[in-house]
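Turn these sequences into a full structure, and let the hints guide you.
Sequences listed follow chains L and D, in order. Quick note: the first sequence, position 288, residue 880 per this note's numbering, numbers continuous. Quick note: the second sequence, position 216, residue 808 per this note's numbering, numbers continuous.
Fair warning: there could be bad hints in the mix.
Derived BS3-like pairs: lysine-lysine, alpha-carbon spacing no greater than 30 Å straight-line [as the list claims (entries may be wrong)]:
#1 L:K804 <-> D:K713
#2 D:K948 <-> L:K758
#3 L:K721 <-> L:K621
#4 L:K804 <-> L:K773
#5 D:K948 <-> L:K621
#6 D:K804 <-> D:K878
#7 L:K773 <-> L:K713
#8 L:K721 <-> L:K758
#9 L:K804 <-> D:K758
#10 L:K878 <-> D:K948
#11 D:K878 <-> L:K953
#12 D:K721 <-> D:K773
#13 L:K721 <-> L:K1012
#14 D:K621 <-> L:K953
#15 L:K773 <-> L:K758
#16 D:K721 <-> D:K804
#17 D:K713 <-> L:K908
#18 L:K621 <-> L:K714
#19 D:K804 <-> L:K758
#20 D:K621 <-> L:K948
#21 L:K621 <-> D:K804
#22 D:K773 <-> D:K758
#23 L:K953 <-> L:K1012
#24 D:K758 <-> D:K804
#25 L:K948 <-> D:K878
#26 D:K878 <-> D:K1012
#27 D:K948 <-> D:K908
#28 L:K758 <-> L:K804
In case anyone wonders, no lab produced these hints; they're calculated from the structure.
Number of protein chains: 2
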Amino acid sequence: MAEVELTSFEVCLQQLLIAVEASDHEEAKAQLQELHPGEVARILEALTPRERSFVWPGIDISIQGEALKEVNEDVQSQLIDEMSVEDLVAATEGLDTDDLADIVPNLPETAVHSLLLTLDKKHREHLNKVMSYPEDSAGGLMNTDFITVRSDVNISAVVRYLRLLKEMPVDTDQVFVVDRKFNYLGSLHVSTILTEEPEVEISTLISNEVAKPILATTDEAEVAQLFEQRNLISAPVIDENNLLVGRITIDDVVDVIRDEAEHSVMSMAGLDEDEDVFAPIFQSTKRRSIWLGVNLVTAFIAVAFIGLFEATMQQKIALAILMPVVASMGGIAGTQTLILVTRGIATGRVSTTNIKSLISKEVAVGLLNGVFWSIVIAIATYYWFADLVLSIVIALAIIVNLIVAAFSGAFLPLLLTRLKIDPALAGGVILTTITDVIGFVAFLGLASLVI
Amino acid sequence: MAEVELTSFEVCLQQLLIAVEASDHEEAKAQLQELHPGEVARILEALTPRERSFVWPGIDISIQGEALKEVNEDVQSQLIDEMSVEDLVAATEGLDTDDLADIVPNLPETAVHSLLLTLDKKHREHLNKVMSYPEDSAGGLMNTDFITVRSDVNISAVVRYLRLLKEMPVDTDQVFVVDRKFNYLGSLHVSTILTEEPEVEISTLISNEVAKPILATTDEAEVAQLFEQRNLISAPVIDENNLLVGRITIDDVVDVIRDEAEHSVMSMAGLDEDEDVFAPIFQSTKRRSIWLGVNLVTAFIAVAFIGLFEATMQQKIALAILMPVVASMGGIAGTQTLILVTRGIATGRVSTTNIKSLISKEVAVGLLNGVFWSIVIAIATYYWFADLVLSIVIALAIIVNLIVAAFSGAFLPLLLTRLKIDPALAGGVILTTITDVIGFVAFLGLASLVI
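Encoded structure:
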């Protein structure tokens, strides 16, 4: 096999693993010294729990808080378990309000208590505000770090004010304009501040088109779509009374996009996107086990239908040999439609509004592919078993199964979404159960009629 | 079923479809008037090709260019086909260099020729520069719109310069510091410009830690990881001589992240992430057909192994009934490992560096789950067929298949990656062929020895 070139990340990981192997705390620490918290988080996720315990205490406390926020929940809870209350408070007290709100529910109660004592009143109120919204809403996603100005001042006053502040919150591409009661009036882009003449009054510059405020109760998926479609860096969040309560920034939206995507892939195999790849063996076994159990039940349902045609199979053993082909073609065709429609729903392209034309298109595709492949399969079957009736039976079963597969694949995701069942998780299992059963019954049932 | 609340997007789509149904050009146009190009793009993707043709000419030419860039390739090529050369040039001439570079290869030659004539020399040179790099590299991703300053001036000179420019390129969170020869020296954050004292010299403020320049040949996946881990808004791109050649912005990185994620889901069913959900029936049939063909071949490989044990099955038809259970349990367990490892590789958490501990963990999980579920299945089998030998045979086959599945699921993605085969596309097919064959052979083979 050819030598593969290692990325700088892999080199770092390799060096770190050598240091861990040699129980060399100093060297391990040195390897992680230069990294950004996000990179430390990725390294931690690439280690086994034992290796993680070894390197974690060597990481700077100022990095630990940010890294805790970046790692997946499994790894986070391992690391939290291994930290003292004092260290937890020291690591997390500097975090943004939105990140703190995500971590607080996972901290032990004593740590939360100590942590709240270290925060000033204003900060505590902000945290309460963020935590009063669901984690997956705009309110749960927002942070409370933003700059506001009044509409009746001019650019030069704003510039003076910013210079007094000495620094701006990260990802500040706009400052928000509010009135005395904190009603949201609009926003002012930093590029406008930098390029406009000093004497121009803010009220004449307020842009409300790009910075349409987001209601705090909006679902995070909708927030992500808004950011993607409008190429936003940040957006103001208001409550139901039009009061400015927070600001969402693109870095958190990128995490939402990444998590949603991971979720849709992982849940196809019943996996949790927050699962630690290197989780302890027993923990992994237990989690995977549930999914295997669900699939075992569906497998037994499918084979129970085979059992009905025992006598027919006994008469013609070729049926037993060929039946997996019928089931598998249906499963593949159905999965194609299922994934296409499920992704379409997740990205907003498919909804009840246009599902009808999509179903008819998919069924037509299923019919055409059914006819085409049934001919191929019939010829292959005839070549193998020299049995014309068998060839016709399998061809008809394939056509039936591909049409049912296309219909189920298109219809299921929307039905499940309506029933508030995650189609990415449940769609595949239900679909293949349908295509297995229909495949076996169509093939063996038809055979029992004519043989 | 309960009434579902429509999002504002769905309401807009519904209104638009009514207008199209009624052939009401004016109303269709009005529905799309207020939307951002990204939203128009999503609407277009949610329409059938016929509906798309109806609404497209009514969309403002200034929106068309941006919308063309946002839609997936299938839809893009339909729309390009329907536009005149003049309209194409008018729609695209205002695009950013990186977006233009993406669209140019898809335009008809006459349009490219006319388009190049409308661009000034500098713009044309920029376009050539971007197009000289692969589309999926940092160079292909960058745009050439950025602000540079010298290191020997002070803040107030920069402020005066920006005010002269009148406007800044979108997503400008930093300006780049270069020398006379355009060597990249570092960057200056706009918040620094806004908050620092006017007389401070730039050379003392240059930050090089956050704005580490990206080499133009870097793969886009690595760029995306850098942006995610360091929470970047923009990043400078340099060539191999340290000359500043461009700037990558977060909006394009978000597209990379989204595309990578879509790709990994879609290719599991042999689908293309650029596929139009509402593609014409024949086109869809043809594309899906290939994947069905690949799977038909693997299905026949698997059943050919069943054929070897015809005589054994004839003796005991229960074998034929139960064999799908053995194959499917292996397929499910293997897919879990496969997806976990494939995603781990895609997100950089799994590599040759740590695959060994992962393989042993996964095989251990496979063994434990194999033992557990084989007992359950043996009991179910005994209950159904009252055949102790059959129960023991199926239990052993399950254990064997789950161990093989775990090993293959962990090993395959890395092997395929090394062979430069996309594991998200090929992994599933190869894996289920392995688990099918091992499942059938282990079960029927063991049975043929003892029955």
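Do the hints match the structure? See the list:
no., hint, result
1, L:K804 <-> D:K713, "38 Å, violated"
2, D:K948 <-> L:K758, "50 Å, violated"
3, L:K721 <-> L:K621, "38 Å, violated"
4, L:K804 <-> L:K773, "19 Å, holds"
5, D:K948 <-> L:K621, "24 Å, holds"
6, D:K804 <-> D:K878, "46 Å, violated"
7, L:K773 <-> L:K713, "20 Å, holds"
8, L:K721 <-> L:K758, "26 Å, holds"
9, L:K804 <-> D:K758, "24 Å, holds"
10, L:K878 <-> D:K948, "22 Å, holds"
11, D:K878 <-> L:K953, "13 Å, holds"
12, D:K721 <-> D:K773, "17 Å, holds"
13, L:K721 <-> L:K1012, "28 Å, holds"
14, D:K621 <-> L:K953, "26 Å, holds"
15, L:K773 <-> L:K758, "25 Å, holds"
16, D:K721 <-> D:K804, "21 Å, holds"
17, D:K713 <-> L:K908, "76 Å, violated"
18, L:K621 <-> L:K714, "36 Å, violated"
19, D:K804 <-> L:K758, "24 Å, holds"
20, D:K621 <-> L:K948, "24 Å, holds"
21, L:K621 <-> D:K804, "22 Å, holds"
22, D:K773 <-> D:K758, "25 Å, holds"
23, L:K953 <-> L:K1012, "25 Å, holds"
24, D:K758 <-> D:K804, "28 Å, holds"
25, L:K948 <-> D:K878, "22 Å, holds"
26, D:K878 <-> D:K1012, "26 Å, holds"
27, D:K948 <-> D:K908, "41 Å, violated"
28, L:K758 <-> L:K804, "28 Å, holds"
Violated hints, in rising order: 1, 2, 3, 6, 17, 18 and 27; the structure is consistent with all others.
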